[in-house]
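J.: Sequence:
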Amino acid sequence: VKLCDTQIALFAATGKVELGSTLEDFMKAFVPDPKLRIIMATMAESGRTIDHKVKTASCGGTACTNVFGDEQLAVDMLADKVLFEGLKHCGVCEIACSEENPVPLPMGGSGYSVCFDPLDGSSIVDTNFSVGTIFGVWPGDRIVGTTGRDLAASGIIVYGPRTVLCVAFKGVAGTFDFMLQDDGKWHLVKETTTIGEGKLFSPGNLRCTYDNPEYLKLLSYYNNEQYTLRYTGGMVPDVYQLLIKGRGVFTNVISPTTKAKLRLSFEVAPIALLIENAGGASSCDGKSVSALDVAITGIDQRTEVCFGSRTEVARFEQFMAGQVSARLAATLSAEELAKATAAPKASKLLTDAADPVPAFVPPVWKPQPVPDISAKIGESLEEVLAKAVPDLKLRRVMTTMANSCRIISHKVKTAATTGTAATNVFGDEQLAVDMVADKVLFDGLSHCEACEIACSEENPVPLEMGGSGYSVCFDPLDGSSIVDTNFSVGTIFGVWPGNRIIGTTGRDLAASGICVYGPRTVLCVAFKDYPGTHDFLLGDDGKWTYVKAYTHIGEGKMFAPGNLRCTLDNPEYERLISYYTRQQYTLRYTGGMVPDVYQMLVKEKGVFTNVISPSTKAKLRLSFEAAPIALLVEKAGGASSCDGKGVSALDVQINGIDQRTQVCFGSRTEVARFEHYLNGKVSERLLAE
Numbered sequence: 001v002k003l004c005d006t007q008i009a010l011f012a013a014t015g016k017v018e019l020g021s022t023l024e025d026f027m028k029a030f031v032p033d034p035k036l037r038i039i040m041a042t043m044a045e046s047g048r049t050i051d052h053k054v055k056t057a058s059c060g061g062t063a064c065t066n067v068f069g070d071e072q073l074a075v076d077m078l079a080d081k082v083l084f085e086g087l088k089h090c091g092v093c094e095i096a097c098s099e100e101n102p103v104p105l106p107m108g109g110s111g112y113s114v115c116f117d118p119l120d121g122s123s124i125v126d127t128n129f130s131v132g133t134i135f136g137v138w139p140g141d142r143i144v145g146t147t148g149r150d151l152a153a154s155g156i157i158v159y160g161p162r163t164v165l166c167v168a169f170k171g172v173a174g175t176f177d178f179m180l181q182d183d184g185k186w187h188l189v190k191e192t193t194t195i196g197e198g199k200l201f202s203p204g205n206l207r208c209t210y211d212n213p214e215y216l217k218l219l220s221y222y223n224n225e226q227y228t229l230r231y232t233g234g235m236v237p238d239v240y241q242l243l244i245k246g247r248g249v250f251t252n253v254i255s256p257t258t259k260a261k262l263r264l265s266f267e268v269a270p271i272a273l274l275i276e277n278a279g280g281a282s283s284c285d286g287k288s289v290s291a292l293d294v295a296i297t298g299i300d301q302r303t304e305v306c307f308g309s310r311t312e313v314a315r316f317e318q319f320m321a322g323q324v325s326a327r328l329a330a331t332l333s334a335e336e337l338a339k340a341t342a343a344p345k346a347s348k349l350l351t352d353a354a355d356p357v358p359a360f361v362p363p364v365w366k367p368q369p370v371p372d373i374s375a376k377i378g379e380s381l382e383e384v385l386a387k388a389v390p391d392l393k394l395r396r397v398m399t400t401m402a403n404s405c406r407i408i409s410h411k412v413k414t415a416a417t418t419g420t421a422a423t424n425v426f427g428d429e430q431l432a433v434d435m436v437a438d439k440v441l442f443d444g445l446s447h448c449e450a451c452e453i454a455c456s457e458e459n460p461v462p463l464e465m466g467g468s469g470y471s472v473c474f475d476p477l478d479g480s481s482i483v484d485t486n487f488s489v490g491t492i493f494g495v496w497p498g499n500r501i502i503g504t505t506g507r508d509l510a511a512s513g514i515c516v517y518g519p520r521t522v523l524c525v526a527f528k529d530y531p532g533t534h535d536f537l538l539g540d541d542g543k544w545t546y547v548k549a550y551t552h553i554g555e556g557k558m559f560a561p562g563n564l565r566c567t568l569d570n571p572e573y574e575r576l577i578s579y580y581t582r583q584q585y586t587l588r589y590t591g592g593m594v595p596d597v598y599q600m601l602v603k604e605k606g607v608f609t610n611v612i613s614p615s616t617k618a619k620l621r622l623s624f625e626a627a628p629i630a631l632l633v634e635k636a637g638g639a640s641s642c643d644g645k646g647v648s649a650l651d652v653q654i655n656g657i658d659q660r661t662q663v664c665f666g667s668r669t670e671v672a673r674f675e676h677y678l679n680g681k682v683s684e685r686l687l688a689e
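In the working numbering, the protein residues as written are 1 to 689.
Hints were generated in silico from the structure; no laboratory data involved. Since the model is a prediction, treat every value here as computed from it, not as a measurement.
DSSO-like mimics (lysine-lysine), calculated; alpha carbons at most 30 Å apart, straight line:
(1) Lys603 / Lys528
(2) Lys376 / Lys528
(3) Lys681 / Lys617
(4) Lys528 / Lys393
(5) Lys366 / Lys605
(6) Lys681 / Lys645
(7) Lys413 / Lys548
(8) Lys548 / Lys81
(9) Lys261 / Lys81
(10) Lys88 / Lys35
(11) Lys645 / Lys366
(12) Lys619 / Lys439
(13) Lys387 / Lys603
(14) Lys605 / Lys376
(15) Lys645 / Lys617
(16) Lys53 / Lys88
Ranges between beta-carbon positions, derived for each pair:
(17) Thr257 / Lys543: 43 to 53 Å
(18) Ala354 / Asp569: 19 to 29 Å
(19) Pro34 / Val289: 29 to 39 Å
For each residue, glycine too, the CB sits at the ideal point set by N, CA and C.
Produce the entire structure from the sequences given, and follow the hints as far as they go.
T.: Next up, the structure:
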């Protein structure tokens, strides 16, 4: 396929397959059975339809529950209907079943049976995290009584900033990624044949560490060895990152008080084929067997599982079962086996059995007044700005940023990024799509006539834009290191009046915003002199529509712990993380500040933390990230604590563009708890709110 000029660095060719080939051409070359080709083409076509429905879905609440008792958003049912309709008309599907309709239904064709989860991760659709479809294709007319070894093919479809179909076929080595292009076709962009070593972990069901000591020791090992934490709560993106990064481990286990959640037929067996065909391994059912070897005795059969490199899965078995299975040990070299079974160098546990910190007593907060918001849901961005922003120049800056974010959204959608193109002046790894986003924003501001100076993380020296009125500081693509995984990423920006940023504080901000590039593109903004924080959804027509106002962040057990590894030498942070784990908070941490903070606004609960220690320096920059996001959070009824001094991130003076800080965002109670654990007391300014 000929790449358009908006596409960035395609994956390197392997010589085994022709990258850029369409899914149709690929299957003609590698899948001899025409009926199987029809099934796979049907799933791909259905995925294209679901992608559009996810991008335009209204995901504000629960529509119903499925028969297994899971909460089910309306978009689940839409996806379910699309897949059944496709299979019913393809002519080669005998039976099909889904998590929402688990009784196998005759499809009227002959050849194959399909089992699918139409929208895995539906509970996080509203947060704009990446989600996905999972499916397995079995020959004949039955699924119960088979194993994953009988699968003819399987796949996942990742609905994120880009839409990617990842498939594997029985008897064909490798796992293959096809990206949905603007022409509506799926084009091959990557072949994965190796999942090797690398310190990346995705720990499902973290709360069961409370009464599963083996799992607690395993996760403590990961943290003690400074593995990178990435866990969205969606199985599709969390496993897909292992394939993209070519390393890492995904775990989801049980305990006496937490039952298995993952279903063998809908999720585990299909994903196991992807992982094992890509050179990885799986361990399932608490019996150290491959997930492909477990007999499916019922559609609702559930299991614990580990996916990852062979060494990581062997390590999982060593911790959880006390030994590595013979079938897995036979695939490892003596060196790999020794590494997997080596005794941990450190024994520090991620969670204390009891809290050594004096009890935190949540303050009694003053009631927050309900703000009067004149903007109406369904209005355009321009209509809302006319009500919220009297200054025409500020309106022009905000519409310029919105237009630039619309362009960036398309560039992120069509970017295939696998490596680092450059580093910025602060030494951060910088993918090519960063620089594209940076250029788009500078170009927009230089032509808007209302911007005096602008600077970015990639170009931190303030540049004259030729206009008058405001100055803009932005991070063009926060989370660029996870762009390749198809996790959600975003742009952050702050707008200050006049021609300077240094010497100001966040209190001087006229406006700020984030743009979340996920399955949907959402612009979230706040203004100094207008109540609330406000969401605009990018429609198919290229226009921004007002969809939600946030005025309250309340209580709820959800945490996003940035820089987790610094718990090794920051005892206060260690105790705070221990508290979250012991109290069974839900873990949601993608490694991108924009989606990790945005989920708090959407869920109206939770806490985001990113702190320092003697061995880990502050990473977040006050002007590019902390201050603009603080305005969003505090305008939404939340709070912030910054700089290790118990002050709001809006009150810290910006003394340099590269000024960095530790920070906490969340509900007032969660930020007070953060200060209690980190500083030993809650700040007076927070108590006064």
